[in-house]
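Engineer: Could you build the full structure based on these sequences and the hints that come with them?
Protein chains in written order, with my numbering: chain A, 203 to 584; chain B, 4 to 115; chain C, 372 to 654.
Bear in mind the hints are in silico, worked out from the structure with no lab data behind them.
Careful: at least some of the hints might be erroneous.
Chain C stretches covered by chain A per the calculated footprint, using a threshold of three residues with CB under 8 Å from any CB of chain A [as the list claims (entries may be wrong)]:
#1 418–430
#2 437–451
#3 456–467
#4 480–490
#5 638–652
Even for Gly, the Cβ is constructed at its ideal location relative to N, Cα and C.
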Amino acid sequence: MYVEPGTHLMQGDEAIVEGALIAGCRFFAGYPITPATEIAERMSRRMPQVGGVFMQMEDELASIMAIIGASWAGRKSMTATSGPGYSLMQEGLGYAIITETPIVIVDVQRGGPSTGLVTLPSQGDVMQARWGSHGDYATIALAPSSAQDMFDLAIKAFNLAETYRNPVIILADEVIAHVREPVKVPQYEDIEIVERRKPNVPPEEYIPYLPEPGEWVAPMPAFGDGYNVLVESVMHDEFGHRIGTDHAAAERTIKRIYYKIEKNVDKIAMYEKRYMEDAEVAVVAYGSTARTALRAVREARNQGIKAGLVRLITLWPFYDRLIEETANQVKAIVVPEMNMGKIVREVDRASKGQAKVISVPKVGGVLHHPDEILAAIKSAVR
Amino acid sequence: MASQVKVQQIAVSDKLCKGCYLCIWACPWDVLEISEERNWRGVKKPYAARIEQCRACRLCEWYCPDFALQVIVDEKEERELLEVEEKYEKPWLERIRKRDEIVKKGVWWLED
Amino acid sequence: MLPEAEFEHVLAKKYMRTEIMPHAFCPGCGLGIIERMILMAFEELGQEEWDRTVFVSGIGCSGWTPLYFRRDAAHTLHGRALAFATALKTSRPDLNVVVVMGDGDSMGIGGNHLIHAARRNIGITAIIATNMLYSLTGGQMSPTTPEGARTNTTPYGNIEPNFNLMELLRAAGATYLARWTTYHFIQAKNSIKKAVKHKGFAAIEIVFQCPTYAGRYILNRPDPRDMMQWFKENSVPIGVAKNKSPDELKGKIIVGEYLHRTDRKEYTERLREVEERAQGKGR
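Structural biologist: See below:
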């Protein structure tokens with residue numbers, strides 16, 4: 203039923219599908235778009251095999267609403283798209299946030315704006331992943347940088363979505379989606395999977411948007427369970443009732459959906475440090491750029507420069523403390539990105555002036571050459 | 004023209020009636036009339052001025068958009084109505100009655 | 372004698388969230404009547420059907436309609452009700468999924484989802500409440516506004532013809548179609564009953580009175596009673612309409628059961644076939 207434990211040669215797009223299925227994903231809706239099409243194609247073959255539903259929808263607006271609907275029907279659900287489709291999904295993303303629906307969205311980034319560089323990679327959507335939909339909210343975004351990551355983070359994304367009842371975005375890019383690499387699938391019993399918490403009180407006592415004291419989200423029943431739940435896109439109170447002009451209730455709702463992510467950043471944030479023990483220059487990178495950055499760091503070490511790499515796996519919520527610690531340790535932070543400089547703003551803010559922050563932007567649909575990052579590292583220690 | 008059916012009450016809710024008078028339009032037997040006085044919601048409710056003409060055809064009920072009006076023919080129907088209230092409605096009202104109390108107890112994330 | 376201060380109709384007590392009533396509709400609004408049609412249909416279908424029914428709605432006055440029912444209900448985004456409902460149905464084929472939509476949800480912003488739901492023939496009951504304009508935003512032109520009508524966005528008269536929803540859906544592949552007005556209470560209720568039981572995409576258009584905007588701007592009848600009277604006088608049963616010329620039918624509402632097909636397979640049944648094929652059972 204699932205891909206067998208052991209090492210397989212897999213494309214990134216394939217690995218994410220197999221990870222999602224093991225995580226319990228049983229509904230996929232999508233619309234073909236380069237470079238995320240392989241995800242939909244593999245899902246269409248694999249989903250019915252495991253008793254799930256695959257649907258090719260009429261557009262991305264429908265795809266995201268469909269996975270939200272499936273989530274309320276009790277199924278873990280996912281969609282995959284690229285920049286133009288992800289832009290369309292922003293309205294549905296907001297709906298998932300206000301209704302606290304766990305879903306996973308894969309955005310395989312390609313060059314933009316608009317139709318853009320269809321077959322070439324980019325990291326241009328990182329800010330959209332945080333701020334794309336209107337209003338105040340928080341999201342979780344993960345950035346894989348290998349096929350193995352695609353597999354692992356798919357499972358992680360579903361776990362986070364269920365834990366916080368929030369959409370989770372996997373920000374892959376064209377390189378990671380199409381790279382073919384060995385992927386190690388662990389024994390199933392070693393894989394941690396978070397299942398949805400269902401209410402255990404009688405329906406008359408269940409309050410759909412009021413968590414127990416000390417908890418952030420309430421348990422979530424499925425449609426048809428008899429809990430008569432109101433899934434309300436209008437600003438609502440704890441009961442799901444429209445509140446009109448009740449500012450206090452609106453404040454409670456908005457602050458909870460915001461804080462449940464931002465105040466749990468310590469639990470959500472994942473990162474990887476390489477050569478950082480004695481580093482004097484840090485490269486902060488994510489996604490496929492982190493691979494190039496690692497090569498540049500090794501090259502710098504060969505030339506006697508104490509460089510290190512901090513790879514951000516969780517992009518949002520942004521882990522300020524990690525950057526602050528790094529800034530206190532090193533003289534300079536180099537931030538290579540496949541965009542005109544986006545996460546570098548967050549790094550600059552979080553480092554609080556403790557280290558020089560150097561942006562290494564790259565646009566046009568090509569990865570950095572390691573020498574470009576190396577040059578920035580060298581300029582930092584000069 | 005007196006009816007064969009004897010209707011006990013045509014109840015019109017103070018809570019729900021908005022005074023659109025579709026019930027008066029719908030009634031083929033000229034039973035209902037607009038009252039002179041406004042109730043506490045400011046609505047001049049319809050009332051059964053000529054209840055003896057009512058044949059319990061319930062057209063007024065059907066065309067009432069606000070679920071505000073009901074023809075209650077006899078005590079049996081009244082009893083049934085109260086049973087429905089007890090069984091279906093009451094259990095759900097409790098949590099709303101305690102709304103403020105529940106919300107206050109549950110809302111801990113605003114405290115720093 | 373029952374006291375009238377907090378009185379509610381027995382259907383409301385049984386099926387509705389009376390704690391949030393009276394509902395937000397204007398006095399005389401037809402959406403309340405559509406709610407009652409739905410509830411009476413389920414009262415006749417029985418508790419068992421009601422217990423496995425869920426509601427989905429879009430945005431607009433019509434979007435509030437099922438939120439007053441004490442059932443699982445989703446108030447989705449403008450136009451996206453059918454996308455949400457499609458996934459609900461495919462994930463839980465045992466549920467009755469009833470979608471209530473308005474002009475914009477069905478033919479405006481949500482038009483694409485409507486034709487694709489009909490094309491798939493997914494087992495959803497779509498109750499499409501049309502009132503000739505957009506009411507929640509204050510009386511603007513909608514896809515059902517008659518040609519020539521003055522609204523807040525067509526101050527010089529509407530130059531666009533209105534949609535014929537029934538023909539649109541027939542072409543798209545829907546398998547049950549009916550159109551009624553709020554005046555046709557019994558007929559609409561019976562159609563809803565049939566549609567809930569129907570295997571396939573069933574759409575019922577119910578033209579309802581909006582005295583506040585359609586009444587004032589389009590029909591020049593701001594009183595709901597006059598609007599109901601207008602519905603009564605200007606609706607032509609489909610059988611009668613067959614023998615009339617287009618000129619005679621101008622400005623009339625043709626009501627009746629338009630279509631009832633049983634020759635197309637329902638979508639979730641076909642999904643089950645796909646699953647069996649994928650798992651190597653059957654062929």
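Engineer: Now tell me, hint by hint, if it's right for this structure.
Structural biologist: Hint by hint, here is what the structure shows:
1. Counting residues of the stretch 418–430 of chain C whose CB lies closer than 8 Å to any CB of chain A gives 5, which reaches the minimum of 3, so the coverage claim holds.
2. Counting residues of the stretch 437–451 of chain C whose beta carbon lies closer than 8 Å to any beta carbon of chain A gives 11, which meets the minimum of three for the stated coverage.
3. Restraint check on the stretch 456–467 of chain C versus chain A: 9 residues with Cβ-Cβ distances below 8 Å, three needed, restraint holds.
4. As drawn, the stretch 480–490 of chain C meets chain A at 3 residues by the rule of a beta-carbon pair under 8 Å; at three or more, the given contact holds.
5. A stretch counts as covered by a chain when three or more of its residues have a beta carbon under 8 Å from one of that chain; for the stretch 638–652 of chain C and chain A the count is 6, and the coverage holds.
When held up to the earlier numbered hints, the structure conflicts with none and fits them all.
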